[in-house]
Every structure is written in structure tokens, then in C-alpha cells.
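Asks: Residue numbers (the UniProt record's numbering), protein chains in the order written: chain A, 1 to 86; chain B, 1 to 130.
The hints are simulated quantities; they were obtained by calculation from the structure and are not laboratory data.
Using N, Cα and C, we set each Cβ at its ideal position, and we do this for glycine too.
Just to be clear, a hint being listed does not mean it is correct.
Sample of chain B residues lacking proximity to chain A, with all beta carbon distances greater than 10 Å (derived) [unchecked claim]:
hint	residue
1	Leu71
2	Leu82
3	Glu123
Per label pair, the in silico range of CB-to-CB distance [claimed, not checked]:
hint	chain 1	residue 1	chain 2	residue 2	range
4	B	Asp15	A	Gly55	27 to 35 Å
5	B	Leu130	A	Gly59	16 to 24 Å
6	A	Gly39	B	Glu58	22 to 30 Å
7	A	Arg29	B	Arg25	19 to 27 Å
8	B	Ala18	A	Asp69	41 to 49 Å
9	B	Trp125	A	Lys41	13 to 21 Å
10	B	Leu76	A	Gly68	42 to 50 Å
11	B	Glu58	A	Ala58	34 to 42 Å
12	B	Gln89	A	Arg83	35 to 43 Å
13	A	Val10	B	Glu122	44 to 52 Å
14	A	Pro2	B	Asp115	22 to 30 Å
15	B	Asp84	A	Asp69	45 to 53 Å
16	B	Asp54	A	Gly39	45 to 53 Å
Residues per chain, in single letters:
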Amino acid sequence: MPESSELTVVLPAHLHARPAGQIVVTAARFTSTVEIVYGAKVANARGVLALLALGATAGETVTVRATGDDAPAAAEAVATALRTTS
Amino acid sequence: MSGTVGLVLVSHSPDLAAGLRELLRQVAGDAVAVTVAGGDDDGGLGTSYELIRDAIAEAGSGAGVIVLPDLGSSVLTAKALLEDHPNPQVRLVDAPFVEGAVAAAVIAATGADLDTVADAAEEAWHARKL
Numbered sequence: 001m002p003e004s005s006e007l008t009v010v011l012p013a014h015l016h017a018r019p020a021g022q023i024v025v026t027a028a029r030f031t032s033t034v035e036i037v038y039g040a041k042v043a044n045a046r047g048v049l050a051l052l053a054l055g056a057t058a059g060e061t062v063t064v065r066a067t068g069d070d071a072p073a074a075a076e077a078v079a080t081a082l083r084t085t086s
Numbered sequence: 001m002s003g004t005v006g007l008v009l010v011s012h013s014p015d016l017a018a019g020l021r022e023l024l025r026q027v028a029g030d031a032v033a034v035t036v037a038g039g040d041d042d043g044g045l046g047t048s049y050e051l052i053r054d055a056i057a058e059a060g061s062g063a064g065v066i067v068l069p070d071l072g073s074s075v076l077t078a079k080a081l082l083e084d085h086p087n088p089q090v091r092l093v094d095a096p097f098v099e100g101a102v103a104a105a106v107i108a109a110t111g112a113d114l115d116t117v118a119d120a121a122e123e124a125w126h127a128r129k130l
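Throw the hints in and build the complete structure from the sequences for me.
Replies: Have a look at this one:
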């Protein structure tokens, strides 16, 4: 039974190229689909260019949304990666 | 486990290829083999059949290699080389140079296969910056 899990993160830094790459690698460790929601924009965490196109900046809040068998763990791992962005 | 898919950056400019490789290391980490074929045989602006051939050999792993040309003769020379030496594990991809390389390198770092990495590079045509 697929689960769904959502966590919000206040970005400590801009979601720029290096952290975006780390998000993709982190999300790929899980089978769940992970999306990052910023305002009206949604990016699949598999796509580094889509994550960059969110244009999410330091101090802004994004939502990590995971859907799948390992959704809670996937959301937590990606949220942790976002929180430690520098 | 045969490692990650490798990337070959083919550019008219040695500096451009080296700079892009530096960026890829920053974004995708050290797990992905990225080699460069920049400039002509004398180090000037241009392309070199031999440099491309050597860069492909250097990037090669069991997982395959994608070749990303910048434009013009980089495309033509890489295409000629792969037509002379067909290899299903070496794929010339049609992608924007910087965005395609970044998308491909990051996906390669996840351990994705050759088809997935090539698709990620080509999908970069559709990625808007704003």
C-alpha cells in the first residue's frame, strides 16, 4: 500500500546547483516518487534542472512530498538534505 | 556492479570543456567519470578526432559512455568517429552542452543506466531557466 508523506523545510540557502545535485542523488536511494513544491511550482526530485528552475531562495519554505512504499524515509532524507544546504 | 555511466565533453575550447568538467564535479561529485576533448591537436580552438577517441577510451566503464558535443565541428567529428567505430556502449547525444551535461552527470551519479543518462541529457532541451 503506497504511502504519502509531506514535510516542509525553510531553506537555509538558495537551492542552487550543488544542493540540487545532492537532492537528486538522495532521492534516487528510494523507490518513492519525491517532489519538491515551491509556491505554484512542482519539481520531481529526479531532475536537477527542474529543481534549479524552481528558483527557491534562502529563507523560503518548500514542501517535500514523497509517494510510495518508503515515502516517510524518502521525505525525511530529502528534507534533511535540503536543511543542510549550504 | 559495472560503475557509473561516463561522460565525454567535446568542445572547440579546452577551457570551456575543462570549466564544464569542474562544474560537473561540483554538482555531481567525483563518482562519475568525466573526460574532455577540448580544442584541436595543437591546443587551439577546434576539434580533434584523436582527442575525442582518447577521451572516450578514458571515460569508458562497463556502464557505457555518453558523448556531448558543444556545436558545429564537435558534433561532426564525434559523429564521424562513432560511425567509424560503432559501439552500442558509446552514445552521441543531442543536448544543450551545459544543461545536458549537468542533468546527465547527476543522473549518472545515481547509478542510472546508459539509456536513462542519455534521456536525461536530451530532456534538458525542455528545461526552462525561469
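Asks: Hint by hint, work out which the structure violates, then give me just those numbers in ascending order.
Replies: 3, 6 and 13
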